[in-house]
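> For reference, the chains in residue letters:
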Amino acid sequence: MKDSQKKIAYMDHAAATPVKGPVLKAMLPYFDRDFANPSTVYDLGFQVKRVVEEQRAKVAELIGADPEEIIFTSSGAEANNLAIKGTIFSRFKKAKRIIVSAIEHHSVLNSARFFERLDYEVTFLPVDKYGLVDPERLKKTLDQDTALVSIMHGNNEVGTIEPIRELATVCREHGVPFHTDAVATIGSVEIDVHEMDVDLLSLSGPPLGAPKGIGALYFRKNTRLMPLIHGGIQERGRRGGTENVPGIVGLGKAAELAKSSMKKRAAHLTQLRDTLIANVLEKIPHAYLTGHRERRLPGHASFCIEAIEGEALIFMLSRNGIYVNTGSACASKALKTSPVLVALGIPAALAQGSVVFSLEETNTLDDIDHVMKHLPTVVERLRAMSPIWKNGAPVANMA
Amino acid sequence: MYTEKVMEHFASPHNVGVIENADGIGEVGNPVCGDMMTFYIKVKDGIIEDIKYQTFGCVAAIAVSSQVTDMVKGKSIAEAKALTKKAVAEALGGLPKEKMHCSNLGAEALLEAIKNYEASVSGKPVTEAKKPRRPKRHKICGNCGMKNPITANFCMGCGKGLQEK
Numbered sequence: 001m002k003d004s005q006k007k008i009a010y011m012d013h014a015a016a017t018p019v020k021g022p023v024l025k026a027m028l029p030y031f032d033r034d035f036a037n038p039s040t041v042y043d044l045g046f047q048v049k050r051v052v053e054e055q056r057a058k059v060a061e062l063i064g065a066d067p068e069e070i071i072f073t074s075s076g077a078e079a080n081n082l083a084i085k086g087t088i089f090s091r092f093k094k095a096k097r098i099i100v101s102a103i104e105h106h107s108v109l110n111s112a113r114f115f116e117r118l119d120y121e122v123t124f125l126p127v128d129k130y131g132l133v134d135p136e137r138l139k140k141t142l143d144q145d146t147a148l149v150s151i152m153h154g155n156n157e158v159g160t161i162e163p164i165r166e167l168a169t170v171c172r173e174h175g176v177p178f179h180t181d182a183v184a185t186i187g188s189v190e191i192d193v194h195e196m197d198v199d200l201l202s203l204s205g206p207p208l209g210a211p212k213g214i215g216a217l218y219f220r221k222n223t224r225l226m227p228l229i230h231g232g233i234q235e236r237g238r239r240g241g242t243e244n245v246p247g248i249v250g251l252g253k254a255a256e257l258a259k260s261s262m263k264k265r266a267a268h269l270t271q272l273r274d275t276l277i278a279n280v281l282e283k284i285p286h287a288y289l290t291g292h293r294e295r296r297l298p299g300h301a302s303f304c305i306e307a308i309e310g311e312a313l314i315f316m317l318s319r320n321g322i323y324v325n326t327g328s329a330c331a332s333k334a335l336k337t338s339p340v341l342v343a344l345g346i347p348a349a350l351a352q353g354s355v356v357f358s359l360e361e362t363n364t365l366d367d368i369d370h371v372m373k374h375l376p377t378v379v380e381r382l383r384a385m386s387p388i389w390k391n392g393a394p395v396a397n398m399a
Numbered sequence: 001m002y003t004e005k006v007m008e009h010f011a012s013p014h015n016v017g018v019i020e021n022a023d024g025i026g027e028v029g030n031p032v033c034g035d036m037m038t039f040y041i042k043v044k045d046g047i048i049e050d051i052k053y054q055t056f057g058c059v060a061a062i063a064v065s066s067q068v069t070d071m072v073k074g075k076s077i078a079e080a081k082a083l084t085k086k087a088v089a090e091a092l093g094g095l096p097k098e099k100m101h102c103s104n105l106g107a108e109a110l111l112e113a114i115k116n117y118e119a120s121v122s123g124k125p126v127t128e129a130k131k132p133r134r135p136k137r138h139k140i141c142g143n144c145g146m147k148n149p150i151t152a153n154f155c156m157g158c159g160k161g162l163q164e165k
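Residue numbers (the numbering used here), protein chains in the order written: chain P, 1 to 399; chain H, 1 to 165.
Bear in mind the hints are in silico, worked out from the structure with no lab data behind them. There may be inaccurate statements among the hints.
Here are the computed distance ranges between Cβ atoms for each label pair [said to hold, decoys possible]:
1) P:Thr275 - H:Val18: 33 to 39 Å
2) H:Lys5 - P:Arg117: 43 to 49 Å
3) P:His106 - H:Thr84: 56 to 62 Å
Where is the CB? At the ideal position from N, CA and C, for every residue including glycine.
My request is simple: use the sequences and hints to build the entire structure.
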């Protein structure tokens, strides 16, 4: 950045978040002062072990679980991998079907698809135009041969929150293990694993203000789970490798902060989100909200803007200090339109104009003003040079 | 991800717009795959006097369009026809690998516009370029005119060697 005075409105917290001050402060001693290996028997190690267990209790408390039901992992993606592969391997060859929703994170989709080559069948549950999975549909799809169902709590691309309790109940009735990926909802939506009745739940550090490289998996007592990383007796034998103590301390501290500030935080984010959505829909013609209007992540606003392309849009916004994301094909290395937008039935041409705002506590109404100052101009500019936009309206039949 | 040159073009693209009564119009790509370009040219005495474009697409697509107009404005039709994708990408200091094929449509759109212009001048519809002929499957003997298999070393008719061309 040449201009240090440039106003920055960072709104891509689904991609990365800054580590919170108190979290970083809590972590620092564990890099050098309290560096000992928690598995050692002398006092230096034992003290660190005790700290690790304290953090486990804090994370457990955030989601209403018992401490021994928490496994620390390296990320949300690892937690998802462990949930799916660990469950399938533990009941290997007993049931040959995995059910996931069509809008899961890649770490869930690809973990499930990995078993296709081992002769498993993967069923993708469709979603409606708001991104919701229908529990009735799940009930009809479930059978004796189903080994696991995995449906995410909140979607990070369209913001929709799934009816997890209803979906989990269907699985409970059939005795099928149920996993939910709560990376998008952790810290901003109230989570109680008993209330939700899930068997496995993934979460990660960054959404809480903890660093990258730390996550956790909740697994209900008596859930069978095979480790992915074989090694020593760390994490009660469910994940080998010396603990990432600073990361774990960061996650514990962040979970503690999240627990105490959840209500205030959710209210703040909801206000920002609703202001942004109302403004965008009012000031930008031919812009559409994606996902569900009410059943939505508190800090999440996502749109498709007609006749423009998302990558060009985010680059132009970034020149004005606004940092957001897109699901457009051009912005992905694979050059494929986001499968989530496709699953919602959004026409491919319209999906190119996808833009996603993911807000955090640090965002303010001032940031929203900054967006509204630049977004309409940038959209207008791109539309003026677009061959599929004429006389203030999109050219028909483009989809 | 992008070179400085690409970002320069993207930030302030040259020659954006539509030419009313253009002599040639070329359109390539479609919005479903994310990139679409329409080029307009005005030609006088075999020289591209003016060129404008409209682009729906990513940063690369916009920079490519802008770069193409810079490279051919004021040039002859023959010179414009010789413009390659590679030359455009090179002039931009390179493009990300995955963008080379889908977004680097500028030269193609320009060629379409030129074809459209030439068709309107000659009054004939654009004919597709002839299919490349299948490679010869025979060797004709220079001595007796006998058709021999392509792999033959000697003529089946007169026994002369067939190695030389």
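> Each hint needs a verdict: does it hold in this structure or not?
Structure-based check of each hint:
1. P:Thr275 - H:Val18: 33 to 39 Å: At 37 Å between Cβs, range holds.
2. H:Lys5 - P:Arg117: 43 to 49 Å: 44 Å Cβ-Cβ, so the 43 to 49 Å window holds.
3. P:His106 - H:Thr84: 56 to 62 Å: 37 Å, violated
In terms of the numbered hints stated before, the structure departs from hint 3 and from no other.
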